[in-house]
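Student: In the order they appear, the protein sequences are chains A and B. Under my numbering, read the first sequence as residues 1 to 195, first letter to last. Under my numbering, read the second sequence as residues 1001 to 1173, first letter to last.
Hints should not be assumed to be uniformly reliable.
[Unchecked claim] Derived DEER-like restraints, expressed as beta-carbon distance ranges:
hint	chain 1	residue 1	chain 2	residue 2	range
1	B	Lys1155	A	Pro151	35 to 43 Å
2	B	Gly1085	A	His14	36 to 44 Å
3	A	Ala143	B	Leu1136	50 to 58 Å
4	B	Gly1022	A	Pro129	41 to 49 Å
5	A	His14	B	Val1121	48 to 56 Å
6	A	His14	B	Leu1136	46 to 54 Å
7	B	Pro1125	A	Thr181	27 to 35 Å
Hints are computed from structural coordinates only; laboratory data are not their basis. C-beta: ideal position from N, C-alpha, C; glycine also.
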Amino acid sequence: MIDTAEMLKVFNAHRGDAIVVPGRGGRHWVGISGQPDLDLPMGDPAMGGHAAFAFGLAMAQPQRKVVLFDSEGDLQMGLGILLTIAEQKPANFYHFVLDNECYATTGGQPVPNAKNVDYVMLAKGAGYPRAFAFGELDALTAALPDILGKPGPVFVTMKVHADVENKPITQRTKWRTRSWTQVIGDLQRRLGIAA
Amino acid sequence: MNDMLRAHLSPEIIIDHMKKHGVTHVVWLPDSETNWLYLLMQAEPSLTLVAVPREGLAPPVAAGLAAGGRVPVILVQNTGLMESGDSIRGWLFGLEIPVVYMVGMRGWTRHGVPTADTASVYTEPFLNAFRINYYLVESDADADRITLAFNEAKKTKRPVAVLIGDEYHGFNK
Chain A
1 MIDTAEMLKV FNAHRGDAIV VPGRGGRHWV GISGQPDLDL PMGDPAMGGH
51 AAFAFGLAMA QPQRKVVLFD SEGDLQMGLG ILLTIAEQKP ANFYHFVLDN
101 ECYATTGGQP VPNAKNVDYV MLAKGAGYPR AFAFGELDAL TAALPDILGK
151 PGPVFVTMKV HADVENKPIT QRTKWRTRSW TQVIGDLQRR LGIAA
Chain B
1001 MNDMLRAHLS PEIIIDHMKK HGVTHVVWLP DSETNWLYLL MQAEPSLTLV
1051 AVPREGLAPP VAAGLAAGGR VPVILVQNTG LMESGDSIRG WLFGLEIPVV
1101 YMVGMRGWTR HGVPTADTAS VYTEPFLNAF RINYYLVESD ADADRITLAF
1151 NEAKKTKRPV AVLIGDEYHG FNK
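Please model the entire structure based on the sequences and the hints provided.
Tutor: So, in structure tokens, the structure goes:
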């Protein structure tokens, strides 16, 4: 099982100037990243859309790597996006999935068929040319240069520890310091996109 | 009814408006109205078609495209619009994405006579509940409303719908 924060630190060393959509890893990523204007810590605008959003970004900025840290619960809600991504084949898209087998933000209830879903098979079946699964950080660390060094789209699922939250939502520590529009505005300024 | 009086909407005029407003991507799922429009969109070099397998995936794709500096349009049937509710709320309203929704009005009859298909019965109440403004386009004479929709979306940074109230009958030769 992989610790999400430790994994993100390893990834950060290979990040380069990629756009990063940290997904459920956002609460750790904001303290690790040295390029916040290339980060889109969205939190949760609406469930099931993170992969679609990051894919749209990748299509819009084909000259720049886009790295997504999706979650299996979010992906399950919009599983069909794998087909769209595979069809469009964005070479700059790197699709990581933090699989903690549960909905951590609602108290840790298991996602459907949590322990038996083969996400690599789903991704390859949808048409992703490359797909990998990791359960240990050492193996991921060794493979990361090859994963990020070759064109996407590539799918990487990782079994991670569940950071279950049992406090009521209104009592949780807020880790996002920028609104959605601020996040997008900062990215657009960095990329020279007219508002 | 005299065929001469029948509403006629040509797919070419839709393409013309997309090009006029700099549309780069069409995020879509085919509907009963699209047919001929699809052939034209496919042939148009300025447009990239992004097919989604369920309409609720279109808002976040469009949001990502817009955040990255492109100009997306969402093209779906009214049934798919309704399926997309929470996705519209979070990804389009939440991120203030100015996008035109081209919505095929399955079940619509020009004279307001309801059919057994309830799709169009619920479309306007849905749009009103979500406070999404909309323009009905049933013929080429209505097409300037498409420009109204694009301008309004840009100004308000909200989705605006164009309800396509006619099935294309072929190319306007």
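Student: Each hint should be assessed against the structure and marked as holding or not.
Tutor: Against the structure, the hints:
no.	hint	result
1	B:Lys1155 x A:Pro151: 35 to 43 Å	holds, 39 Å
2	B:Gly1085 x A:His14: 36 to 44 Å	holds, 39 Å
3	A:Ala143 x B:Leu1136: 50 to 58 Å	holds, 54 Å
4	B:Gly1022 x A:Pro129: 41 to 49 Å	violated, 32 Å
5	A:His14 x B:Val1121: 48 to 56 Å	holds, 54 Å
6	A:His14 x B:Leu1136: 46 to 54 Å	holds, 52 Å
7	B:Pro1125 x A:Thr181: 27 to 35 Å	holds, 29 Å
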